[in-house]
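K.L.:
Starting from the given sequences, assemble the full structure and let the hints guide the process.
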Amino acid sequence: GKEGGVSEEENDVFQILYRLCKLSMKMDMVDSWVTPDEAMNLQSKMLSLELILTMLRQSGPVFHNSPRFISCIRQHLCLSLLKNAVSPSPRVFNASLQVFVTLLVHFKHHLKQEISVFFNTVFLRILDSPNSTFQQKVMVLQLLHKICHDPQTIVDIYVNYDCDLSHTDIFGKVVSQLCRVCGGIQGQHAGGAITPDQDLLIR
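The numbering used here runs 1448 ahead of the 1-based position in the sequence shown.
Heads up, none of these hints are tricks.
List of simulated lysine to aspartate or glutamate pairs, EDC-like, C-alpha gap at most 16 angstroms:
no.: 1; residue 1: K1560; residue 2: D1612
no.: 2; residue 1: K1474; residue 2: E1486
no.: 3; residue 1: K1594; residue 2: D1604
no.: 4; residue 1: K1560; residue 2: D1617
no.: 5; residue 1: K1621; residue 2: D1610
no.: 6; residue 1: K1531; residue 2: E1562
no.: 7; residue 1: K1474; residue 2: D1485
no.: 8; residue 1: K1621; residue 2: D1576
no.: 9; residue 1: K1474; residue 2: E1498
no.: 10; residue 1: K1560; residue 2: D1610
no.: 11; residue 1: K1560; residue 2: D1604
no.: 12; residue 1: K1621; residue 2: D1604
no.: 13; residue 1: K1470; residue 2: E1498
no.: 14; residue 1: K1556; residue 2: D1598
no.: 15; residue 1: K1556; residue 2: D1604
Label pairs and their in silico Cβ distance ranges:
no.: 16; residue 1: N1579; residue 2: N1459; range: 40 to 50 angstroms
no.: 17; residue 1: Y1466; residue 2: L1626; range: 29 to 39 angstroms
no.: 18; residue 1: H1512; residue 2: V1565; range: 12 to 22 angstroms
no.: 19; residue 1: L1626; residue 2: K1470; range: 34 to 44 angstroms
no.: 20; residue 1: K1594; residue 2: K1560; range: 15 to 25 angstroms
no.: 21; residue 1: H1593; residue 2: V1534; range: 16 to 26 angstroms
no.: 22; residue 1: R1505; residue 2: P1538; range: 14 to 24 angstroms
no.: 23; residue 1: R1516; residue 2: T1601; range: 24 to 34 angstroms
no.: 24; residue 1: S1455; residue 2: C1630; range: 48 to 58 angstroms
Think of the hints as simulated: they come from the structure by calculation, not from any bench. Note that beta-carbon positions come from the ideal geometry of N, C-alpha and C, so glycine has one too.
P.N.:
Put into structure tokens, the structure is as follows:
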């Protein structure tokens, strides 16, 4: 049956997505002295992010174009990803990146502003910051490598941001930042979190 023009199945999926987004925003700790509750929160967060990723990867046209689902993604999932992008847990950070890639593939036309925020305040900042860890930088580079494997996504990013005067460039900034990485991060950030050997591996 339908309630307010929405089928019971659609409503169930929406409720599941909403609750998983909320669950994925629980605090996480990676300290060696974590309490059982903190460890459980981390496990719950990881499970919720993995389930969200599965939902997004298996979603179809109804999901991709539903105003209700898109609103949930904007208001709750994107907020969760921004919070988890600064997580001290590499597992949580990596899971968040995988969810973002899926959003970029399936929902980029609905999340123009949100995608800009992720690139400019998370990914490019991590590559540029002397305080980012080696693992964080490698994960972001792997993310960009995956994105660059899809020519259409690259074209869409260039057209929708670099060619749009109302938006900040993304493609140009990514290219510039990758050139800086190739030139060596260690030399740019003396005393940073990256060792010379790690700098060479990143290049």
